[in-house]
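Each of the two chains sits in its own frame; use the hints to bring them together as a complex.
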Amino acid sequence: MAFTFAAFCYMLALLLTAALIFFAIWHIIAFDELKTDYKNPIDQCNTLNPTVERVKKIKRVKIALKLVLPEYLIHAFFCVMFLCAAEWLTLGLNMPLLAYHIWRYMSRPVMSGPGLYDPTTIMNADILAYCQKEGWCKLAFYLLSFFYYLYGMIYVLVSS
Amino acid sequence: MSAPAGLPPRPAGAVAAYPGGPGGSREAAAPQGAAPRCQNGPVQSQMQFPSGYGSHPPNYSAPSGHYSQVPSKAVSSHLDNQYRASYQSPYYSAPAQNVMTPPVGTNVLNTRESQQFYNSSTPPHTVGLTEGPAQGAIPSGSYVYTSAQQSYSAFGDHYNTSVSSSVASQGFPLNSDHYAMPVVSSAMYPNVSYPPAATSSMYGQAFTSQSLPAAGQFKETNTFSSQSTSVPHSLQQHVPVGYNSTLSTISSAQSFQDNLSKSLTGSVAKVNNQVNRGGIDSSQPVHSVSQNVQLTKPGFGAPASSALISSVRTPAPGLSSQPRSSPSITQSPDSALQEALDSSSTTSSASPVLNNYDALEGGGYPETRSVTNSPVPTPPAPQTSKTSKPFGYGYPALQPAYQNTSPPTPVQATNPSHHPGFQHYPQQYPGVNQLSSSLGGLSLQHSQQPEGLRPINLTQDRNILPVSSVPAPVPNLNSDLRKLNCSPDSFRCTLTNIPQTQALLNKAKLPLGLLLHPFRDLTQLPVITSSTIVRCRSCRTYINPFVSFIDQRRWKCNLCYRVNDVPEEFMYNPLTRSYGEPHKRPEVQNSTVEFIASSDYMLRPPQPAVYLFVLDVSHNAVDAGYLTIVCNSLLENLDKLPGDSRTRIGFITFDSTVQFYNLQEGLSQPQMLIVSDIDDIFLPTPDGLLVNLHESKELIKDLLNALPNMFTNTRETHSALGSALQAAFKLMSPTGGRISVFQTQLPSLGAGLLHSREDPNQRSSTKVVQHLGPATDFYKKLALDCSGQQTAVDLFLLSSQYSDLASLACMSKYSAGCIYYYPSFHHSHNPAQAEKLQKDLKRYLTRKIGFEAVMRIRCTKGLSIHTFHGNFFVRSTDLLSLANVNPDAGFAVQMSIEESLTDTSLACFQTALLYTSSKGERRIRVHTLCLPVVNSLADVYAGADVQAVVCLLANMAVDRSVSSSLPDARDALVNAVVDSLSAYMSTASNLQQSMLIAPNSLKLFPLYVLALLKQKAFRTGTSTRLDDRVYAMCQIKSQPLVHLMKMIHPNLYRIDKLIDESTIHVNDRVVPQPPLQKLSAEKLTREGAFLMDCGSNFYIWIGKNCDNNFIKDVLGYPNYASIPQRMTQLPEIDALPSERTRSFISWLRDNRPLSPVLQVIKDENPAKTDFFQHLIEDRTEAAFSYYEFLLHIQQQICK
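The listed protein sequences correspond, in order, to chains C and Y. Residues in the first sequence are numbered from 4 upward in steps of one, following my numbering. Residues in the second sequence are numbered from 110 upward in steps of one, following my numbering.
If you're looking for bench data, these hints aren't it; they were derived computationally from the structure. One or more hints might be untrue.
[Claimed, not checked] Taking CB as the label site, the calculated pair distances span:
{"no.": "1", "chain 1": "Y", "residue 1": "616", "chain 2": "C", "residue 2": "139", "range": "50 to 58 Å"}
{"no.": "2", "chain 1": "C", "residue 1": "6", "chain 2": "Y", "residue 2": "1008", "range": "54 to 62 Å"}
{"no.": "3", "chain 1": "Y", "residue 1": "634", "chain 2": "C", "residue 2": "129", "range": "15 to 23 Å"}
{"no.": "4", "chain 1": "C", "residue 1": "117", "chain 2": "Y", "residue 2": "873", "range": "32 to 40 Å"}
{"no.": "5", "chain 1": "C", "residue 1": "79", "chain 2": "Y", "residue 2": "1076", "range": "57 to 65 Å"}
{"no.": "6", "chain 1": "C", "residue 1": "133", "chain 2": "Y", "residue 2": "1260", "range": "14 to 22 Å"}
{"no.": "7", "chain 1": "C", "residue 1": "139", "chain 2": "Y", "residue 2": "1005", "range": "16 to 24 Å"}
{"no.": "8", "chain 1": "C", "residue 1": "129", "chain 2": "Y", "residue 2": "938", "range": "43 to 51 Å"}
{"no.": "9", "chain 1": "Y", "residue 1": "1184", "chain 2": "C", "residue 2": "139", "range": "35 to 43 Å"}
{"no.": "10", "chain 1": "C", "residue 1": "129", "chain 2": "Y", "residue 2": "1305", "range": "53 to 61 Å"}
[Claimed, not checked] Below, computed lysine to any residue pairings styled on SDA-like, alpha-carbon distance capped at 25 Å:
{"no.": "11", "chain 1": "C", "residue 1": "38", "chain 2": "Y", "residue 2": "975"}
{"no.": "12", "chain 1": "Y", "residue 1": "665", "chain 2": "C", "residue 2": "112"}
{"no.": "13", "chain 1": "Y", "residue 1": "616", "chain 2": "Y", "residue 2": "633"}
{"no.": "14", "chain 1": "Y", "residue 1": "876", "chain 2": "C", "residue 2": "39"}
{"no.": "15", "chain 1": "C", "residue 1": "38", "chain 2": "Y", "residue 2": "1178"}
{"no.": "16", "chain 1": "Y", "residue 1": "890", "chain 2": "C", "residue 2": "127"}
{"no.": "17", "chain 1": "C", "residue 1": "136", "chain 2": "Y", "residue 2": "612"}
{"no.": "18", "chain 1": "C", "residue 1": "136", "chain 2": "Y", "residue 2": "1005"}
{"no.": "19", "chain 1": "Y", "residue 1": "890", "chain 2": "C", "residue 2": "14"}
{"no.": "20", "chain 1": "Y", "residue 1": "618", "chain 2": "Y", "residue 2": "583"}
In this text, a Cβ means the ideal position worked out from N, Cα and C, and glycines have one as well.
So here's chain Y without its partners, still in its complex pose (with noise of 0.2 Å):
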């Protein structure tokens, strides 16, 4: 046995024997494995193992495991890789009771194969193997792994084979690639790694923890039986083995009493093995799991899965962490599993293959599967029970995945079977515990406590900044699901564990809501072209990775839980030309995919791209200079605006009077026409006011250098913007799209005039701030018009005075439109802003834009959406209509559990995102979340996410502002703090009372609200201009959760002495990574130059006494005095520190949008009050410093 341990690294080597033995068998095998996913089934087991290792085991969830399918199909899985890490520890360990020495190495191979070689038949050689060796075997084990890793490929060929080959990732074809190529189960051999494990003892231990699923499984046990015969074969059957896992837990104990009992234990050990590769695979482990039981039915019928052979017996010894297996186990030692083997197996197998299914279904399974692993201790024996039997029915192979994952886990993995299992199995295994005592591999332990609830004692641990920037928890999810979900960029939950219920919810006192960023530009985004989009009849939700297959032709839905027939055009399978595989199809692999939309999706033929100027140009217009900059953007991305052929751009100025401009193709200039009649106004000439932009590009480039200088000498000071925005409307009307409007003072003249409602004397006052809201609804009105015309309003508001952003954002805010503020902009003066405008305009104009779009949001049956933040119009309950949508807007929503969760242990989130593209197609973005339900007040804070709670807070207190006032919201801020960590203490019995306890995952909450006090929006007490407290709060509720979290809390980092440690390489770039700074003076030395990133702007503080040598080599000025005032970028120089300062900013810049403006900030600098603001953990007049806020909390707690 030991001996196969060793095998296991060398793959080759065994691979070689199989072919010797079953090669041809193997390969035949391998087609039928391609059916992988079906294999989910065995997946499932696999996943358990990971997760059981490590966290995860909880999750199986495997909720994907259903598409069982027919044999052919051989689903499984893949994920393989992932899985062997983990498995391999441990399994191995446990050595793999099967054994079959010789086999060994081969088992392990076989284990992949086994699966193959159920499907393929090749069972009777492979069975042959197994059993001498059974004990000896162990290794098998690791071999399963590599089969997961296979791609799908390999799987495709498995699949005609039909069934065996569960194995299989998808993708990877692993298993097959044994059968067909050695080299390929090399590879995976690596991955197993098998430690030689003391055969004998291992059986002994492993058959505990893996017999079980093997026995059930199978029949590849009994091949080891024969195996021991032919050590070669078992290899074979160890293939099978992740199926077993599945199969095995259920079958393993009928099979078990029939062949298996006789099976040896070897059988099981490859069992093991085979687990392990399919945990491997298991990315999609539920999957397999279901897969499984489908399997096996077809399997039943088909005769195909009789091929495999079945007999496992399955590896007694597993057994004993799989009591039920187990008495089969038991007589597995024996010879008995060869019988199974050859022609016994098949048919046996048979038999036990209909046991298997009852099992899966009846959730037996779980305890089998875990048992497969256990290898603990040494390294062996591989395959112990690769059990086979089950594959036979096809199924069996996704099983062994489950097997593979150490029992306990199988055992969550047999209810996933039913039904999907998303179920976590947070918890630990006992199973496993005990394994692991023997195996001492496995690390199950760790989830016992969560890195998020390690304690944190905040007034006494003062640097909880981490190094780099926060990362977004991960969700407790195994590690198929975990793979498959959403990114965090587009959609975050504020807790990661979802409550079981409302009570529970608030009980945490923590706000439950999502995060969006659904249009976010993407590298890499699967675009289906359907006929048919495969949703829910009930409750059309899209198909989704987190979808149970019941079998072949239906799915269930993860969010009503309705059972849908699987279309017949969704099984076939685009990507690898292969029929009956739905659940590997790109809608069900990936959580953000984009579908081509029909005819059903439109009202009207797909509108073209229409963009629309409106430009003041009053007196106070010319004189900031912005038409020049704006003209100028334009004339050079004429050609980059998003669009087609149709593409169609007008242009409105208006000072008191509206001044439209005919571009009409034909006319040798453009056409000013003049309406001064701004109390009703009209369009004077129905057409060539909106014109083709191709057919007249020489007409708007005559107007675009024209514009700037035609208004030099106005003397028209007012402005009559209400009146332009209504002709606006009409001119868009007709086709809707994007109205861009410029404005630089306050409307003063026509409807929807405004008068100044700032008294500048209350702008630092402490108490009530004034005038949040509208002051008319005239705005309202006119984007609710224009949102019903699919048209949206862009403002950009370049000021110096009062302007009354708060009447004036409406008119964006409820069309979907965005909002960009320059205050004291002005060309010359204020060069920061003019360079801004710049950049923001360029931005602007060449980014994706989606038109006449809505977006829903579902949910799993329970939750409900409570509200929505962000820029749009509702227009039902989870609808939001959005005239326009574009890659920078962000949405908020808040959700509240109507029903408890009990009966389902993953929730799940899913956006629809409907829109026509600028190239005239409509289509659909989708992005699903699927998160884990938990009923305990631990979880709930082990997984909260500290950046998405805070930017959700802020979106309420924004709310609460302007409905209720500002100290209220203020209030609610610090509440929200205050009730959430005292929460949490009072959960925590032993924290003592006197300090100030926050679980890790929430130990920079009370810095964030902190931040979000001193923020623009919130702050009092500090001289604020009312425009800009709402310009910030209108970012607060459109901008994407990266963006406000760098507005709310800036990365500040320490320039003068980037070294080349922990560098990171980007494009052959050396970027260094300086640590993140406290946002603290006391940070901030003379001696040194600090880089503040704030989302938009980029300040450079350089200390009185930096290093001359870093002035010189990055700034390129002798010495600090000769630094100017104004200096907005930095120098090429050829010096490794400027090399370095300009890498870092880049890489920076890189990473968002919007290209920051950067200023370089002196002492005596007026800018300097704009950098020493962001130091929020400082004290200031009027606010606390950070020390002092959390002894606030406490005292707060306290009372």
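In isolation and in its complexed conformation, chain C is listed as follows (with noise of 0.2 Å):
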């Protein structure tokens, strides 16, 4: 029973991931926001009015396209840490998701700034349907890696 840089990592992954899936989530519903938004009803005398709650959401989708970035820093954070922990298992079950981030961040939409969302085109259906489906999967993703984390870190811890 020892405290290694192995279950240091697990730890660490462990907490991050807690973070991760909330961005998931919020991830989600920022998306389901944006594609219901016209079903809004209080939105009723005019279209151009934007009603305080209207701008709150629209807030809310902006912090929640933001959050792409320091997602994929995060998630690249473990994953170099499972590297130096030469936890093999662990990274290997990271690296297609890794890819992808790299692979998506390369391919985003021509933008000055950071960021993978472009306005004029994120509402258009088929790149709404993809980001939610995304959104989703990544859910999925990082609960079981969650419960795979906690798995990991007992291990670690007992068996040295």
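As structure tokens, then:
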């Protein structure tokens, strides 16, 4: 029972994954709001009138879309940690997602700042549906890995 | 009976008769009738008929019907005319059963009137008539029509009376007319044309068809019975007929029993007649239906209805067709009717009425209705069962209409009554067929194989181009809805038959989408000022012609099906100054309307019109010489700029610095302020840069006069476009408005600078075409900022070299601006472009403009919007934000079907464009399109609109080119043809696989797709400059369909032998209409002269051996050799060929906003390649000929 670097990695990953789960949920909500926005019956008189609620919602969506880069960085960060800790199996499990993130960011639309989503195309039904699906898949992945890290942490602690 | 038939034609006579009898009553009735709309109910029935005949039947839908209203309303309407036509034939034949001969003529009248009568109370009179004649009466049907026709006014009258006259046609109060004036009636008659039917026989038949309805409805019939006695009366009764249809069906049964049974068939006949009318009226058939229902109720309550009489007996005979009623019918033959007529009728009627309602709602109607018309064979019988009964109820009137429609239809109609019916019933009604056999006249069958499905063997049939331009397919709706539907110029759908499920759509392999031209210049647009704009409370849909009125106080949304209240204010119709007819309000009569919006629709006070011109004055620009043209155009059109007293204007020029102009009122001359800090741009003075056009007009004129010469000696070659745009944005952001940017080269300094990305060696590459997307997001971000401040950026790119339009275009794309591109622009070296700029500017400066606009597209529940195409920013899934909207902007929308549409027979789409006019008014322009829903693949193909499909595919292909690659997009286009044709061929199993077969509706599909593949935007292998390609793509995205089609597939005419045949007359001018030629060199002969209309260009190609007379008379030169290389105008020569040619060309020009540039081309002319590249059916080095393309497709299909 020793507190090794590997155990530390797992604990850190556990905490960060909890944060990622939170991000993923926010991501899903944001896109769902984008998609269903038009059903807002409050928006009665004037489509131009941004009601207070609307503004709040837009802010939320914007924040959610800005969480993309932190998410990628956090994930890349604990991948590197696992590499250092020589946890090959865990690293292997995370490689596909890391590769996906890199691909996704490389193929983002032309834009000068950081970011992934282009406000002029995001409302396209295909892109919207894709992003929603992406959100759900990531949520599932993070949930599974959360339990895997928990198991990994205990295993490392016990076995050493 | 036969006599009656004859009568119809002379309505006048008939009328007279009426008067005699019921005359007084009629009049009274008429007013009642007013309710025309109400009558809708009847209408429905009518509608059916018509459709029935043709193909429409299905449509009925009558959705509108519901209006039902108080008795007074009499809705109905009006459609008649149309119907009539159809009806007559069929119906008449049926000869009216009812008959009452004497009356016959009268009957007819009656029919129309009948409704009125009902309303009016006249009933009694009428009643009597019918019967005797009963059988004889036949003709009546025809009468019906007439009534319908009448205009609203009449109705109005009716209304007053309340009750009866359902008839209706809104506008026309025919009914009333009858009453009031014989004349009218006479008019009607004509329509009718009653054939003299053989009464007796007819009855039998007629009844069948008619009878049912009649019965229901009608009491009228009763009248008839009575009629027998007094022939004349019968006429009156008829009127109701229309109503009958609806009512009858329902009530008929009941009533039948009561009165009906007795009532004579004759009455039935009347009914029929009525029906016919109804049909006519029907323009709002649907309505009528619903109305009926409602009406009926009211009727009950109100005695008025009772007045009607009711008696109908059904013309039992008719029944046959309509079984239900039949029983009654049978009875009817006898005298029973008569009883009904008078006293009994009233009373009885009441009861019947009830029944009717039920029936209506229940849907039983249909059958009955159908009955009515039958008359096929002989003419006669007109009025058969007018059965007025229902009338009493008021509603009845409506029904009649239904009845008219032929039985089968009626059935459908019934349904509608419930709802509205949009259903079409596309199919025919069996009943109809039966009838037809006997009637002979009805031609329902047509619809069997729609023209759109006729198979065409593409490889063998070489002449597939129509003689004149390709018309938009007409949705398979009943004629009422068809009339109300939005113009295809503003609103088109790729599939005019909407598939019921996404699975069916996938099977058809055709894209589903809309093509919009929402802000088109309209010559006629109802503008509505009202303090409350009636909208659905749940989905916010604007009230439109396709909603259904459940009763007078409630309407049902046609998109989300929510039931809403009709506001008090909406009950008053400002057009007719009458109360209680919400269904007649202009909002419900027009599918394109404009509302003046209240302050609820404003975020801020409406902005003034603000125009800012940003002009490039670098050396390159001065050399090209565009400044002179722009300044002169502005000077000329300064007073025509749309705007009011608040209009503001400003100017910015830029090279490597940015120059502002202070035009503050009071200055002696314009003051130039130069800002050279382009990395951190600022406004040199807080005000004076955007000035009031009227207050500073002199200074503005001074500036415009001086501007072209101010920079003549400049040596500055750089362009700081990005900084100038930032400055412009700062200047505009407090108000919003329009920025017009004139740019002549690649921006080379400061923010937003670009580098040349084009490799000229790649221009004719057949592989990858790169750089179709923007190089930087600077312009996109700027556009989004502008859009947020209600500012649009319009780009004029006049460049002789590569200017990276792909990046620059973003500033317009996302701010809802427009893009103009003049390649190789030079004021003296390229006069054609200079002339084009001048003409474009004139249009650009003076056309209408809408500021701070948003456009929302709503569609029936189950459909959803997938993607938008055009210039705008998408704010929400169905909301486009348009900083400016102009009349030349088109939009495309891809749709998907999320939930199956099984529970509806009609799908509706509504676009609402909320904008601030240049006069500072907030306005909402609403377009509503209604289309049938189908569940078979064949129907989907039959309704395909090939032009819309091609335009939508072009838009999708542009997206694909940018997001993926050009070859991908080309493959997708070819696959679209291959997939849809192979899907079609697999549905038609009897086709030989070895041939390439397309349905008639898609016969031009391969040709258009080939044209697209050879279009600048998508072609490969031919040298195409990147900017030209990108510009073509921008145009595809933002042009409305009409212009886009000319761009894709130009029209070619031979003009050296224009003849007077097939000419049309426009404003006293004779315009020859030469046939369209295939776009193939095989059509070009050396002896001819040809005109090619490419939308923005006209080319006249003169063959080497062209007749010298033509050259002399039209071009003004003695022979071919002396024609100059550059010729852009036709001289005015006083010779017939010249006149014809010029009138033809000016006619072509009149039809479009941008005046195209004309170029005369000889063989050696360098513009020759421009001309020949449009001959898309020919083989080129890199592309298939049309025939090869077909073979290629066939090969792909067989794989």
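Those earlier numbered hints the structure runs against, lowest number first: Result: hints 1, 3, 5, 6, 9, 10, 12, 13, 14, 15, 19 break, sorted rising.
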